Each structure stands twice: as C-alpha cells, then as structure tokens.
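**Q** Chains as they are written, first to last, in the working numbering: chain X, 1 to 385; chain R, 1001 to 1327; chain B, 2001 to 2382.
I should point out that these hints are in silico values taken from the structure, not numbers from a laboratory.
Quantities reported herein were computed from a predicted structural model and do not represent experimental measurements.
Note that beta-carbon positions come from the ideal geometry of N, C-alpha and C, so glycine has one too.
Warning: the hint list may mix true and false statements.
Stated by the list, open to error - Derived pair list, reagent style EDC-like, types lysine to aspartate or glutamate, alpha-carbon separation capped at 20 Å:
{"id": "1", "chain 1": "R", "residue 1": "Lys-1107", "chain 2": "R", "residue 2": "Glu-1005"}
{"id": "2", "chain 1": "R", "residue 1": "Lys-1107", "chain 2": "R", "residue 2": "Glu-1220"}
{"id": "3", "chain 1": "B", "residue 1": "Lys-2341", "chain 2": "B", "residue 2": "Asp-2331"}
{"id": "4", "chain 1": "B", "residue 1": "Lys-2078", "chain 2": "B", "residue 2": "Asp-2320"}
{"id": "5", "chain 1": "B", "residue 1": "Lys-2222", "chain 2": "R", "residue 2": "Glu-1005"}
{"id": "6", "chain 1": "R", "residue 1": "Lys-1107", "chain 2": "X", "residue 2": "Glu-208"}
{"id": "7", "chain 1": "B", "residue 1": "Lys-2145", "chain 2": "X", "residue 2": "Glu-208"}
{"id": "8", "chain 1": "B", "residue 1": "Lys-2341", "chain 2": "B", "residue 2": "Glu-2374"}
{"id": "9", "chain 1": "B", "residue 1": "Lys-2287", "chain 2": "B", "residue 2": "Glu-2299"}
{"id": "10", "chain 1": "X", "residue 1": "Lys-372", "chain 2": "X", "residue 2": "Asp-128"}
{"id": "11", "chain 1": "R", "residue 1": "Lys-1107", "chain 2": "X", "residue 2": "Asp-3"}
{"id": "12", "chain 1": "B", "residue 1": "Lys-2078", "chain 2": "B", "residue 2": "Asp-2103"}
{"id": "13", "chain 1": "B", "residue 1": "Lys-2145", "chain 2": "B", "residue 2": "Asp-2357"}
{"id": "14", "chain 1": "B", "residue 1": "Lys-2078", "chain 2": "B", "residue 2": "Asp-2331"}
{"id": "15", "chain 1": "B", "residue 1": "Lys-2323", "chain 2": "B", "residue 2": "Asp-2340"}
{"id": "16", "chain 1": "B", "residue 1": "Lys-2068", "chain 2": "B", "residue 2": "Glu-2299"}
{"id": "17", "chain 1": "X", "residue 1": "Lys-121", "chain 2": "B", "residue 2": "Asp-2141"}
{"id": "18", "chain 1": "R", "residue 1": "Lys-1107", "chain 2": "X", "residue 2": "Glu-377"}
{"id": "19", "chain 1": "B", "residue 1": "Lys-2341", "chain 2": "B", "residue 2": "Asp-2324"}
{"id": "20", "chain 1": "B", "residue 1": "Lys-2175", "chain 2": "R", "residue 2": "Glu-1005"}
{"id": "21", "chain 1": "B", "residue 1": "Lys-2349", "chain 2": "B", "residue 2": "Glu-2374"}
{"id": "22", "chain 1": "B", "residue 1": "Lys-2323", "chain 2": "B", "residue 2": "Glu-2072"}
{"id": "23", "chain 1": "X", "residue 1": "Lys-372", "chain 2": "X", "residue 2": "Glu-252"}
{"id": "24", "chain 1": "B", "residue 1": "Lys-2064", "chain 2": "B", "residue 2": "Glu-2209"}
{"id": "25", "chain 1": "B", "residue 1": "Lys-2341", "chain 2": "B", "residue 2": "Asp-2351"}
{"id": "26", "chain 1": "B", "residue 1": "Lys-2360", "chain 2": "B", "residue 2": "Asp-2340"}
{"id": "27", "chain 1": "B", "residue 1": "Lys-2222", "chain 2": "R", "residue 2": "Glu-1161"}
{"id": "28", "chain 1": "R", "residue 1": "Lys-1107", "chain 2": "X", "residue 2": "Glu-370"}
{"id": "29", "chain 1": "R", "residue 1": "Lys-1107", "chain 2": "X", "residue 2": "Asp-9"}
{"id": "30", "chain 1": "R", "residue 1": "Lys-1107", "chain 2": "X", "residue 2": "Glu-252"}
{"id": "31", "chain 1": "B", "residue 1": "Lys-2169", "chain 2": "B", "residue 2": "Asp-2351"}
{"id": "32", "chain 1": "B", "residue 1": "Lys-2195", "chain 2": "B", "residue 2": "Asp-2227"}
{"id": "33", "chain 1": "B", "residue 1": "Lys-2337", "chain 2": "B", "residue 2": "Asp-2141"}
{"id": "34", "chain 1": "B", "residue 1": "Lys-2287", "chain 2": "B", "residue 2": "Glu-2274"}
{"id": "35", "chain 1": "B", "residue 1": "Lys-2349", "chain 2": "B", "residue 2": "Asp-2331"}
{"id": "36", "chain 1": "B", "residue 1": "Lys-2222", "chain 2": "R", "residue 2": "Glu-1220"}
Said to hold, decoys possible - Among chain X residues calculated to face chain R with C-beta under 7 Å, some are:
{"id": "37", "residue": "Gly-20"}
{"id": "38", "residue": "Ile-33"}
{"id": "39", "residue": "Gly-34"}
{"id": "40", "residue": "Ile-150"}
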Amino acid sequence: MIDKIRAADRRRVSLLTSVGDRVRALPRWQQAIGLAALVAFLYYLPLLGIPGLTWLRTDSIAGGNNWAGVLFVCAIYVLVAIGLNVVVGLAGLLDLGYIGFFAIGAYSVALFGSVNSPVVKWIQQEFDLPPTWAVTWAICLFIALVLTLISGVLLGWPTLRLRGDYLAIVTLGFGEIIRIFARNATGVTNGPQGISAIPGPEGPPSAENEIFGLIDAKPWYWLAITMVLLMVIAVRRLEHSRVGRAWLAVREDEDAAAVMGVYPFKFKLWAFAIGAALGGLSGFLFASRNAFIDPTQFNVNLSILFVAMVVVGGSGNMVGVSLGAVLLAYLPERFREIADYRWLAFGLAMVLVMILRPQGLIPSRRRARELKDRAAEAEEAPAHV
Amino acid sequence: MNFDELFGHLGQHTVDGLSKGAIYALIALGYTLVYGVLRLINFAHSEVFMVGTFAVLGVWTAFGVQNNPPIGQAVLFLVLGLVAAAVASGGTALAIERIAYRPLRRKNAPPLIFLITAIGLSLVLVEVFGLLLPDIAGGALPTMFGRARQIVGMPTIIQQETLFTIGGTAITNIQLIVFISAVVMMAALDWFINRTRYGRGVRAVAQNPETAALMGVNQERVIMLIFVLGGIMAGAAALLWSMRFGFTQNSIGFVLGLKAFTAAVLGGIGNLRGALVGGLFLGIVEVYGATLFASNWEDVIAFVVLIVVLMFRPTGLLGESLGRARA
Amino acid sequence: MRRSYVRALGTAALAATLVVAAGCQDSGGEGGTASGDCGGKIAIFGAFTGDNAGLVIPSLNGAKLAVKQHNEKNPDCKVTMQEFDTQGDPAVATPFANQIAGDNSFLGVIGGHFSGESDATMPIYQAAGLAMVAPSATRTDLTQKGNTSFFRVVGHDGTQAGAVATYMKAQNAQKVFAIDDGSAYGAGITAELGKNLGGTLVGSDKIQERQSQFDATISKIKAAQADFVFYGGYTREAAPLVRQMRAAGVQAKFVGPDGLYDPAFPQGASGGAEGAIITCPCLPADKAGGTFSADYQKEYGQAPGSYGAEGFDAAQIYLDAFKDGKKSRADILAYVKSYDKQGVSKYIKFDDKGDVDPTKVVIWAYQIKGTAIEPLQELKLS
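I would like the entire structure built from these sequences, with the hints used as guidance.
**A** In structure tokens form, the structure reads like this:
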C-alpha cells in the first residue's frame, strides 16, 4: 500500500519537475504569456463558474462558506507563508510565535484606526479632536509595518543568539505574551471584548462603502491577491540578492559563513524583521477585512498551523509554501461535511505527507537535493543505526 | 502588585509552587531524554501524558471507583492507575517513535520535519481521544448531549488534608505525595541512566552515536528505551495529576506540555537534573507571579523569566549534558 | 516538436483565460426570493462543533423542532433552515455572514449564540437588511451600539448580574469574592456584578483559559475570608476550580452564571460542585410554556438544556412572520421589530434597542445535586 503511494508520488514528482523544466525551456515571451494567464486566473477565481470546476467552490455544499471570503483567507495565509518562509525556509530559523506579528499587525490598524479603540479615544481627548477622528487606513498600514519591523528586531535582538531549538520555545512564548497582553490589558486593547469598526481603504465599515463593503468579499480578495503578488516579486528579488545568498550560507553552515565574512547575526535579524513585517501586513489585511478582532483569534495553535503550511508545502520554495497555505486554509472549509472529523483528517494528512515527502509537496530544488544527500548518508551508515 | 500577600504567606506559596512544579518536572523528563539522545523536540510528548490520564480514567471507571474509598482500596486503585498509565503512556511514546520518527530517521530528515510530524500526530491523538471520550468514560459521562471533547471528572481517591503546619505554612498530604513521588521517580531515573548498563548505553549514544555504534551499542534499542522511559515518567505524572486534580480532557496536554518543555529548557534541555530544577523553578515562579499580579498573567511571567534566563545562561540553568552527566 | 507542443499549451491557457473573461461567472447563491405564496429560508449560525458546542446544541435543536412542527402543520408554507457552524469563532462567522447576506433567498438569521461572533457579524447583517434574532448572546453592550437589526430573546448580562447581586444580598452575603476567566462573556458579567455589589465585593482574581491549578486564587479567597465566590466563565475552568476550593477547605457558597449550565460541570467536578448555584436566564424544562418540553423530550430523547426554549422562540418569530405572508427581508425585519406574543421561554416584545422587556426576563437559580442541575427558585431581578 505504502509502496504504491510512493510510486504514485514519484510519478507525480517527475511530472511536476518535467513541467517545471519545460516551462523554463520556453522562450521568454511565452513564459510571460503563461504568467499573465495565471495572474488573470487568480483574479478571476472568486467568480469561478467554469462548468466542471464549480465543485471547487466552498459554497457549493449545503452550509458552505462564502467562496470569496474563503479565498481571501487563503490569500492572507499565503502572505503569512511567504513571510514565514523567509524566516524558516530561507534563513533556517524556527519561529513558533509568528502569530504574534500577525496579531501586532492586526492590532495596529484596530488600535489606531477604529473609533472604538481606547488608544484613539485617548488621543481624541488629549488633543481635542472630534469623536469621529481616527488615523486613516493608509497611515495605519505604515504604522503596522513599522511596529512589526520593530517588534521583530526587539524579539530577535536578545533571542537570535540562541540555538535553533531554544529559539523555537522563546518565539512560542513571545506569541503567547502578545495574545495574553491583548486579552488582559483592557485599558489599551479593550481586552476580551475586542475592537469593532476597524477601517478599510474606504474608511470605517459602513453600508455606504462602494467597493470595500461589508457584504461583498471579492474586492477584499483582489486587494489581498495584489499584495501577495507584490510581495512575491519583492521576496523573489531579495532571495536572489546578496542578502538572499547570505541567508543561504547562514542556513547551511553558520560558522563557515562567519569565516567567509558573512556576519550571521545581522542577516538573521534581517530575515526576522522582514518576516515579521510580512506577517504584520497579513494581520493588517485580516483585521481591516473582518472589521472586528478579539484576542481569541490569535491562538498559539495558529502559529503552529503557519509553520505546518510552510513545511508541508515545501520550505524554501515560494510556490510550495503558497500551495501549503492554500491547502490548509481551503480544505477544512471545502470538506465541512466531515465536520467533527476535520481535524483528525488534517492531522493524519500532515503525518502522511511528512513521512512520504519530508521535503514538502513542492520542495525547493536545493532543499530536495540536500535531503537526498542526507538520505544517502543515512544509507551508507551501518544498517542498524 | 500584592506584595503583602506574597511575603505574608511566602512559605505557603513556595510549597504550592513546588507541588505544581513537580508535575512539570516529571513531564519535562520526557522532552529532555529524547532531546538529549536525538537532539529533537518530541512535540507529541504532551499527548503521551494526556493518554496516561485517560488510562487512569478508564481503569477507575472500569472498577467503578467512588469518591473517598477506604485506604486499602485507595492504594490498590492508585497502583492499578499507575500501571495502566505507565503502560498506556509508554506504549504511546513507543508507537509515536515507530510510526512518526523512525521512517524519518531512516531518511535522516532535518529536525523541522520531525517537529511537524509530531504536531500532526498530536492532533490525531487529541482528536481520537476527544471523539472516543464518551466510550472511555463509560457511564461516568452525562449523556445529555452525547458530546465529545468535554471535561470529565474522576473520583477523589485521597481526601486532601493538612498534614502539618510549619510556621503558618500548611502542607497537605496530596502535596507531599506528589512532591515525594516525583522526586523518587526522578532519582530512580537518574540512577538508571547513571549507574546501570542500559543507562551507560543511553549516555554513550547521547555523546556520540557513531562511536557508540562502533562500541556495540544498539542504537535502535537505546532510542526505544528512552521513549519508553519518558513515557513511563509521563504516565507517573498522569497518575499524580489525576490524584491531585481529578479531571481530564482531550486537550489538557497542550498547555501542560508547553510548560513542561519550558521547564526542560529552563533547567537545560538534555539534562535530567535540569528538568527537576527547571520544573520546580517554573512552578514557583508561576505561583509567585499569579499572587503578585493576577492568575491571568501567570504565563506571561513564566515566558518572560524564560527569556531572561536564556539571555544570561543560553543553555539553561544547569546546562545541557545528558551525554556528559558525571557518573 | 517540442516547440509546437509548448505553443499549443500556451494557446490553450490563453483560450481558457478568454473563456473566463467572457463572463463565466457564478454569483454563489441561487438568488431570487422565496418561491410560492408562503414560506422561505432562514439561516442559523453558532458553535455546533467544538469545545463549547454543548451550550449551543439545545438551541439548535429547539429551532429545528419549531421548524419541523411548523412544516407539519402548514404543508403549504414550507420553511427551510440552513445551519452554519462557526465553532464560535468570529473570524469563521464573518465569511458565513457574507454568504448569508449575499444570498437573497435567506430572509432571516438566528444567531449568534456567542457575543463575540454576534459583535463581528452585526454590521454585515444590518447592511443586508437581515434581521438577527439571538437566542443566547448576552453581552450587555451588543444592543447599545445603535444597531437596528439585532434582537435577542434572552435577558442580557446586566439583568442577570443584577439578579445575582440581589440573590446574594438576600442570602445575607457579607464578603463576595469574584473570579472571571478573562473571556468576553465571563469578564463582562463579572464586571456587571461588581457594579451591583458595591462594598460587599472584597476581592477578585482573573484566571486564564485552560488553567488547571488554582492554588494562588484559592489563597486569595482564603485571605479574603469570603462567604460567597462568584465565577464568571465556562465549565472547563469552573469544574477544577470549585473542586480544588472544596478540597482546600473553602466553604464559601459557589455561584456561577449560565456558562456553567452544562451537565459536564457537576460531572467534571466529581462531587466538588455539590450545592453550587447556577443562575440562568433560561426556564426550567417543566416551566416552559405549551408542550415544548414534552415535544423536545420526545424528539431528542433528553430534556431541553440551556437555551432550548430560546432557540425555539427565535425560530418561532420567523415562522410566524412567514405565516403572516411576509416575503422580503424588509417586511420580516419590520415584523420582528413589532413582534408581540407569548413565547415558550418568556413574553417576547422587543424594545427599540432589540432587548426583550427586562421585567419579562425570567432568571432562575439552579442548584447542583449529585450530577443533576435542579431548579431552585426564580430570582428577583433587582
């Protein structure tokens, strides 16, 4: 049985790699057309109505969820995965507290942009501003990015000197601290009651908003997918820059990198801060779309889910981690029929994928080679080891 | 900041913290043993503990144990519970090793992969026990909703009583039992690792797997041994937990596992005595913190202390040294 | 050879995109209003799976029962009810709200069951002109936000906290110690209680979710020498808390709100909860009007738990609207607003904010006996 699955998997992989090779062999203009078609398809997805594909929609089942809304969540998670991929996949740092940055991003737009937040109320009082005053959305975006960057550096500064496994527990603690703070510091964050009326690009949520309204989730998805595409381009450029090569060197062998003049700490901190900012951006979009956040939405379980997205998808490869994110966000929604067994199935799938394909569904080429090497080393070693 | 309360009853809070930390320490041993030998965080260890509490629940339910049984029966039930929990937890730990880790070790996969597999497996265990709960608890569970995943109570085996009071600090029989059993279990494990032939094998593999293999140590057997030992310790913790708190739920493992892992790191992961020190230290810090502020800041205080300790002692309070443990 | 293959592939992709652009769209819902002269579709959302489902399932069952009885009695006025399982998570509830709001065949909504999910989705339903009737979202400020389409057939936490305070005073409580779990629900109701108690509140503590060990809290209770302990929260933390309190020799009377109205509470505390008082704005089964309790018992083989009658009432409002020939969201919203009838749980008539008349709210105290939750007495509201 396992062998059969393995064989099928090998066929699938060879198919995938051959597709990849073929695409790469294409002339530039044809690649561009293909890419344009893919992007167009991504933008078309919320309207998906091609006969034969409609069963993909999450609202095609009874009691199913809004399709564009689910797509939006997928896009948000892809953003998270891309950000976490910088930290885990590229720089090789295990961050189990990524939800903390997501929460900081979400809370920055809530605290500064909503008229219901204690922070805005305090500013109004202090500076005699009208009760409708709040920081505009675009400036909140800036605040979110700056705050998450800073918190990334603040967390990274003392902890990045620690070895990998220690880093895992410390970051996990960080994520919990953020959530508990949001829950307990009622005077700042409204505590468990949460913050409502979080603004979108058109200002606070109201029925009059024409594009980013309350009911239609499609524009939100388009906004999110645009952000995703921009960030994919940005991270891609970063990956192939000097910084990207430095990350690689640090991940492979920290000491060797240091000897060659790459100061590991600096580049690790960079990875941490950039990853944090991407997580913050994602949380920012999440909060302004939902217009309501409370601390229960930033549970530590989500951090672990995020890491799972990256590793299951194939850490180091942006296409892979995006696929992982989409699958983990989408499958539980599409298969609501198995309601009570959803998480059981999810756990089983995770174990199976990891045992059969430790490199992830679509691994990065370099990573896959590394794993092969490691496996070969293992085989060379004495049989009983 | 309630300094009056903290310093007014400092002894009491310390005792409370020690009895809290003793359970952390027992669970922390499982993390430390596996980490010491395999350099790997066994994330599913929290569920090993959870399975242990369910084994205790199952046995007590099967025997129809009522609240406050006579002392003879109580001892019998405790022993039965211990055996059941140790078997169940040890077996679960071994199964996790076989199903999730061995195939990956064969491929020499990086530690991150182990972590994700373990997370998947703990999800499976949590859900399986959540859904099986009504069956395990038998008639004990109210059938009003027939719902799974709820909290289930267990009978009180030993009535909590104050044994003696030293300078205003009351020590209860249960606190004493929990603390002494935890320390005894740990001393036994320490003796086993440091004084027996098997223990020497464990230390050898922890120090240098290849050399140990050359010297004729069966690495696979050592790995199985440490998983089983960690499982038995978690089983003992499960019994102490059931005796002290008397309830379980499919999701209790997560928070406890997190704390136990924190304790292991605090003490120096891979170091058996470190697990004890880390567990007790964490327990005391939490109780002090909850007294000073409110109980809902407990976790924040625990994690802040962890970060501070790691900044000054990057390998924990006692450092990591299963391999280098002095004989 | 390879070239042509690739070109074919590219053309196919392009063609697919064009087909797509040609407007192969699907707006999701079936659209249109209810067919026929009578009847229609409503939605119900809440935590039907997950940790706190036990509190919500009776309400869902109550609503299902109402719809079933209606359809049996009125074969020419069929009403369908669609379930949406939010697991109580506001982030999950929001896309559902978009789905329901965007699908014009839904004419009314029952929910939310928790305050957080109600808070998150209220603006969406209001924008869509959909009425929301909540069977168990009790946080006080939900109706104070100027929302015009939110109604609840249950008393709010302020009313309940007032009744608890009155009860404690009547019991001659001198020193009350209040604990909450820091959740929106628990912290809210405990704060309301604090306002009502004034000087008799001698101490408080906040615990965290999934906490198991309460030594620090118990020390504080002992130090305060409390004769009453109030716990605002849910079963998961309450059961071990009350048990450890009793084991540590604290004799204070334990009082908790409707979040503990859950058979897992006495069971989870294994005898520790004996004599504890639970208040609930829900009627004892045998006090509910009409044949509801008997019907529920017959249908589901168990007594209606917390909010079964409220779920039934919420559905009944819509059923009456349909029977009255209302067929659009606006008509139904107006109908709900002016609803004025005796329900099985209480007399239902909403004020301009969407609350039922506070004097019509019935709050009962229940006492734990063994593993049963037995009705003790009706509480005076203030």
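**Q** It remains to establish, for every hint, whether it holds in the given structure.
**A** Quick rundown of the hints versus the structure:
A hinted pair counts as satisfied when its Cα atoms are at most 20 Å apart, and R/Lys-1107 with R/Glu-1005 does not qualify at roughly 56 Å. A threshold of 20 Å between alpha carbons decides the hint, and for R/Lys-1107 with R/Glu-1220 the separation of about 15 Å falls inside it, so the pair holds. For the given pair, B/Lys-2341 sits about 18 Å from B/Asp-2331 by alpha-carbon distance, which is consistent with the 20 Å threshold. Restraint check for B/Lys-2078 and B/Asp-2320: the C-alpha separation of about 12 Å stays at or below 20 Å, so the hint holds.
With a C-alpha separation of about 11 Å, the suggested pair B/Lys-2222 and R/Glu-1005 falls inside the 20 Å cut-off, and the hint holds. A C-alpha spacing of about 58 Å is found between R/Lys-1107 and X/Glu-208, which places the hinted pair above 20 Å, so the restraint is violated. With a C-alpha separation of about 18 Å, the suggested pairing of B/Lys-2145 with X/Glu-208 holds against the 20 Å cut-off. The straight-line distance between the Cα atoms of B/Lys-2341 and B/Glu-2374 is roughly 28 Å, outside the 20 Å bound, and the hint therefore fails.
This hinted pair checks out: B/Lys-2287 and B/Glu-2299 have alpha carbons roughly 18 Å apart, not beyond 20 Å. Restraint check for X/Lys-372 and X/Asp-128: the C-alpha separation of about 65 Å exceeds 20 Å, so the hint is violated. Distance restraint check for R/Lys-1107 and X/Asp-3: the Cα-Cα separation of roughly 16 Å lies within the 20 Å cut-off, and the hinted pair is therefore satisfied. Between B/Lys-2078 and B/Asp-2103 the CA atoms are separated by roughly 19 Å; this keeps the pair inside 20 Å, and the hint holds.
Restraint check: the Cα-Cα separation between B/Lys-2145 and B/Asp-2357 comes to about 18 Å, which is no more than 20 Å; the hinted pair holds. At most 20 Å may separate the alpha-carbon atoms for a hinted pair to count; B/Lys-2078 and B/Asp-2331 meet this at roughly 18 Å. Straight-line distance between C-alpha atoms of B/Lys-2323 and B/Asp-2340 comes to about 15 Å, which keeps the hinted pair within the 20 Å bound. Proposed proximity of B/Lys-2068 and B/Glu-2299 is supported: the alpha carbons are some 10 Å apart, at most 20 Å.
A C-alpha spacing of about 18 Å is found between X/Lys-121 and B/Asp-2141, which places the hinted pair at or below 20 Å, so the restraint holds. With a CA separation close to 9 Å, the supplied pair R/Lys-1107 and X/Glu-377 stays within the 20 Å bound. Annotation: proposed proximity of B/Lys-2341 to B/Asp-2324 holds, straight-line Cα distance about 14 Å (limit 20 Å). At most 20 Å may separate the alpha-carbon atoms for a hinted pair to count; B/Lys-2175 and R/Glu-1005 meet this at roughly 18 Å.
For the suggested pair B/Lys-2349 and B/Glu-2374, the alpha carbons sit about 29 Å apart, so the restraint of at most 20 Å is broken. Of the pairs offered as hints, the one joining B/Lys-2323 and B/Glu-2072 holds, with about 13 Å between alpha carbons and a cut-off of 20 Å not exceeded. For the proposed pair X/Lys-372 and X/Glu-252, the alpha carbon gap of about 15 Å is at most 20 Å, so the pair holds. For the proposed pair B/Lys-2064 and B/Glu-2209, the alpha carbon gap of about 32 Å is over 20 Å, so the pair is violated.
Annotation: proposed proximity of B/Lys-2341 to B/Asp-2351 holds, straight-line Cα distance about 13 Å (limit 20 Å). Restraint check for B/Lys-2360 and B/Asp-2340: satisfied, since their Cα atoms lie roughly 12 Å apart, inside the 20 Å limit. As the CA atoms of B/Lys-2222 and R/Glu-1161 are separated by approximately 16 Å, the hinted pair is consistent with the 20 Å bound. A C-alpha spacing of about 11 Å is found between R/Lys-1107 and X/Glu-370, which places the hinted pair at or below 20 Å, so the restraint holds.
For the suggested pair R/Lys-1107 and X/Asp-9, the alpha carbons sit about 16 Å apart, so the restraint of at most 20 Å is met. Taken as a hint, the R/Lys-1107 and X/Glu-252 pair is honoured in the structure, with Cα atoms around 18 Å apart against an allowance of 20 Å. Distance check on the hinted pair: B/Lys-2169 and B/Asp-2351 sit about 29 Å apart at the alpha-carbon level, beyond 20 Å; violated. Taking the CA atoms of B/Lys-2195 and B/Asp-2227, the gap is near 19 Å; set against the 20 Å cutoff, the hint holds.
Our distance criterion of 20 Å between C-alpha atoms is met by B/Lys-2337 and B/Asp-2141, whose separation comes to about 19 Å. Using a Cα cut-off of 20 Å, the hinted pair B/Lys-2287 and B/Glu-2274 is violated, with the two alpha carbons roughly 24 Å apart. With a C-alpha separation of about 17 Å, the suggested pair B/Lys-2349 and B/Asp-2331 falls inside the 20 Å cut-off, and the hint holds. At roughly 53 Å between alpha-carbon atoms, B/Lys-2222 and R/Glu-1220 are farther apart than 20 Å, so this suggested pair is violated.
Interface restraint check for X/Gly-20: the shortest CB-CB distance to chain R comes to about 23 Å, outside 7 Å, so the restraint is violated. A hinted interface residue such as X/Ile-33 counts as satisfied when its beta carbon comes closer than 7 Å to some beta carbon of chain R; here the least separation is about 37 Å, so the hint is violated. Interface hint status for X/Gly-34: violated, as the beta-carbon distance to the closest one in chain R is roughly 32 Å, over 7 Å. Below 7 Å, beta-carbon pairs count as interface contacts, and X/Ile-150 has none with chain R, the closest being about 17 Å; its hint is therefore violated.
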